[in-house]
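Chains as they are written, first to last, in this note's numbering: chain A, 189 to 829; chain B, 3 to 582.
These are computed hints drawn from the structure, not numbers from a lab. Here a beta-carbon is modelled for each residue, glycine too, at the ideal position from N, C-alpha and C. Heads up, some of the hints might be wrong.
As the list claims (entries may be wrong) - One-sided and incomplete, this derived list gives chain B residues near chain A with beta-carbon spacing under 10 Å: (1) Ile-30; (2) Glu-32; (3) Val-39; (4) Ile-43; (5) Gly-52; (6) Ala-78; (7) Gly-396.
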Amino acid sequence: MAVEATKKFQRESDGPPSPGGAPRGGYQKPKDTKKTVKRLLKYLTEKKALLLLVLVCVIISSVGSIGGSYMLRPITNKLVEDLPIAEKAVSLINMLLVLGILYVAGTIATFIQSRVMVQLAQKGTNRLRRDLFNKLQDMPLTYFDRHSHGELMSRLTNDADNVQMALEQSMVTLISSVLMFVGIFAVMLVISPLLFLLTALILVIVFINFKILGGKSRKYFRKQQAAIGELNGNIQEMIEGLKVVKAFTHEEAAKKIFTELNETYRTAATDANYYAGATMPAMANIFNIGFAFTAAFGGLLSIVAGLDVGGFVSYLQFSRQMSQPMGQISQQLTALLSALAGAERIFEMMDSEPELDEGTVTLIPVDETMNELAEGTHAARWAWKVPQPDGSFRLVELKGDVELKQVEFGYVPGKPVLKKVSVAAEAGEKIAFVGSTGAGKTTITNLINRFYEIDGGEITYDGINVREIRKDSLRRSLGMVLQDTHLFTGTVMDNIRYGRLEATDEECIAAAKSSNAHSFIRRLPQGYQTMVSGDGANLSQGQRQLLAIARAAVADPPVMILDEATSSIDTRTEKHIEKGMDALMENRTVFVIAHRLSTVRNSDCIVVIEHGEIEEKGSHSELLALKGRYHQLYTGQFQLE
Amino acid sequence: MFKKIAKFMKGYELAAALGPILVILEVICELLLPLLVARIIDIGIEGNAGMTYILEMGAIMVAISILSMFSGVMAAKYASIASQGFGANLRKGLFDHVQEFSFADIDRFSSASLITRMTNDVNTMQTTVNMGLRVITRAPFMLISAVIVCFSLNAQLTLMLVVVIVVMAVSIGLLMKVCGKLFTIFQQKMDGLNDTIQENLIAIRVVKAFVRSDYEKGKFKRANDALTDAGIRAVSRIILQQPIMMLAMNAAIVGVLWMGGNGVMSGTMAVGDLSAFVTYISQILMSVMMVAMSLMMMTRSMACVRRTVEVLDTVPDIANGGESQGRELPAPRGLVEFRDASFKYLATGTGDDVLSHISFRVEPGQFVAVIGGTGVGKSSLVNLIPRFYDVTGGAVLMDGLDVRQYPLEALRGRIGMVLQNNILFSGTIRENLLWGKEDATEDELIQAIRDAQAYDFIMSFPEGLDTYIDQGGVNVSGGQKQRLCIARAMLRKPALLILDDSTSAVDSATEAGIRESFRNHLKDTTVLIIAQRISSVQYADKIIILDDDHIAGEGTHDELLVENPIYQEIYQSQQEGVAQ
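Make the full structure from the sequences, and use the hints.
Here it is, written out as structure tokens:
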């Protein structure tokens, strides 16, 4: 997924440098546990009473479980007592009744507790995911350049899932295990302090062993993770490139490298799994050894020190039960820590700087005489509402004059992509950018709509610095058709309407007709209601491009930015698209990254860019007369790129 | 099906046998312990047999526990050896087998699916084997033997226990069935959410350009809420499992204590046996849970086994030209001939011919271009020459011999190919180039990158030829990648060089430079290119126009411009603006 996404990204001609793969360690610990826990709990504690209910239930179920095992003591004692059978039977029934009540209460409490936690956890995670996604929508593009899609996806899916699991289970299990552990200890101490000394000793031994085994296991596990990363990477690369492997008859070499990596992984994985698998039986059996000692020692105590048989039996039961909460604590602690590390990553992302918007100028619809209309009206005229220092507003008619003055920009500090670029477009003019791949053409258009912030100079729109314009207003006034067409799951109609959500079906169809998309849409199985799936995989490249043009057309903005790449489209489809593009350009200010001579020729101004600098600028005839780079391009080849 | 998979255990059979044997030993030891405790209680304490007896029993228990630990740990070791060995064998078997696949086989499975099969599926099976050798042996064995031991202690109590087990097993079975459906829905909602996120991330520029973040937030909220609803519905049912289990266990304990208590009072049962019984109850019920879990895991692996066998059972549909054994092969000259060749995609296509009755000839040393709209079969045409696909009618000849008569390696060895989908591998530029010719000298390398117009940009990198290319070649631009791929193919000094639309991202001046190199340094090499632009093909010795599934014209630029309407149309459209 990540690779695919990166690839798509990379196709953009002179976009910013792409992020590499984003490795994510699976066994990280949170950096600031306390802070993360506090913040995470906020997502759980919307209903504090419910959380209290959970706590009460946890206590009840622990008491039920411990009390149940303790009841073995009086029951056994009663059974071996020298009393008439009838009397014994009555007290047995009474005690079994108590036992039954303890058990039922414990079971009900467990059920309520987990039921409530599921609700709380699911809803809490729901809010967490939503907050994160919403935050993501407000991030600047530079953020998406620096973080691969895979990384962002894994925050919203893997990390969120881990948090959910932790909230749902680990937290409560951990609390209840600690309660159980302490409770069992206390009861054991009550039954026989002497036996308890032995138990404590056993626990120390278990703990030491656990540390040793755990450490070894982790060490081998890390080795295994590294090995599988390399192995899976190799598999992915070689299978994706299998056709090239075959074209170069490289099969044997590929097999050799694979065999080595496979063998390395096998060795590492065998060790890791051995230790992981051995931990359980080793621990369980150390407990068994301890159990044997406890049995023998307890037996002795009941002969020489008067320990009651019932006490002995229930003590043994406890010393079996003891291992369970211990195992749980270590298991859930790991799960909890890794979930917290995930939560920390999520919060880190939430705390990232959102897209800055210091603008105060907004775009409003106006009527013929420049009177403000209600918001949401699709008016023929628009105006900028500029706040004045005295609190009043000034209305500036939106015309589409855009000017870049001495603009400087770089994606990475110290590596300028654009150097002192100045271009002016008056309303209704067509400006064409021409130049070789990577010269900075796309970058210029990305600055006008403030996808990126300029480092120096100034960009004005109808005389207003774009920094003063609210970003949503600015972008609403600019239409874009990008070289990489992205569509969304939904019908063809939905995709066109993406340009202007309140557009009627008729308006969408009209836009499709004007942009030359209508004829192909009509021929689709369900016409405008045909579902577009997976980024438009069921449409051809040309059809996707036509839909993107229709989408921009329905938005009907005064200024258009077009990247008219058609490199992978055959000539006939290209003709259709050209007609659509031409319709879109009429009566607008247009910035176009030109790939066609007809576009270039008819432009009011042609800007030749090389290495981030304007090499030549002027009309077609002016530039031809100049006999410079443009002349060379124009006479030498039919195509510019 | 399992037979085909089982053979990958080869070399690890002993470990695979030792694992379960040791597990069974461990279980036996564990079952003995409660019995010994019962003896301490009944004979040692109640029967007044004294300290020595108790100590003796204690010593035996310690010895058994040590034996049990040894078996458990060793079982883990052998299970690990066997399962990882099996996994490695299986992965290797798959990888080697897939290397033999033809392009048609690769298309049929898709790379993504093959990768999943070799990583996730193998891992799942490997884990299942590991668990299988331990847990899946352990749980049923424990269940059965514990019931037998209980039966020997007290038949009546055991019968009651069996009833509880059955009730519990049935209710958990029903629960899992209900939850299975709910979890399927949950999974679908999860996929839905992932799709929404992914789509949003890929199209983030569109979202921002149209100021649609609120709209996207709404879309996400719907998917997110749907997931949460499905999650609550599924999880709040599956958690019933724990209370059911607790209820069964507790009911069994109360029942055993009641009936057993009466037995003790009436003298038909020893109090120690009763305590042993209580211990066994938890072991038995745990085992039932384990069996249920193992069953679930096995079903999941079954799907993986099926998918793996599917790959292993695929017989590569292009076999090495067997008839050619020992035959003298013609000298490589670069002569290509299509004789009435037809082709259709058998596995993936619609069944219509992609190419029908194609005949043409490319003389050694010629520069020939193929041009035509998308989807007319240009790539299919050139893919027939190195036998990436086989013709479905007619024949393709290389240097006068049918390509099906060549050993594949010999055939592909005389062809340098730049595919439409350029792929570079992670490694240095040098390593990538050496794919073309393993023993190329430094001079040859430099010559190749100069010819491919890649010298300047490679040398502009601080590390030059030793610059590391990331996986998928993401750190070089599209045009650079294409030039590196061309250099890689040129390094072969092949008799025939095929470029499948591989200069689309290279600007015209650079492309002209590459064409110049063909003329100067690869005089004897036949060059066959596929292109979209007139500027790329106009200097060719011959241009072949492909339309639908047939050749619609053949000739030089000047000839075609006069007589071929399709060529004229393409020319017109690309020249528009100049002619006006």
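Here's how the hints hold up against the structure:
1. Ile-30: 13 Å, violated
2. Glu-32: 7 Å, holds
3. Val-39: Constraint on Val-39 (chain B) satisfied, holds at 5 Å.
4. Ile-43: For Ile-43 (chain B), the interface hint holds, since the closest Cβ of chain A sits about 7 Å away, which is under 10 Å.
5. Gly-52: 7 Å, holds
6. Ala-78: 3 Å, holds
7. Gly-396: Gly-396 (chain B) check fails; min Cβ-Cβ to chain A is 23 Å, beyond 10 Å.
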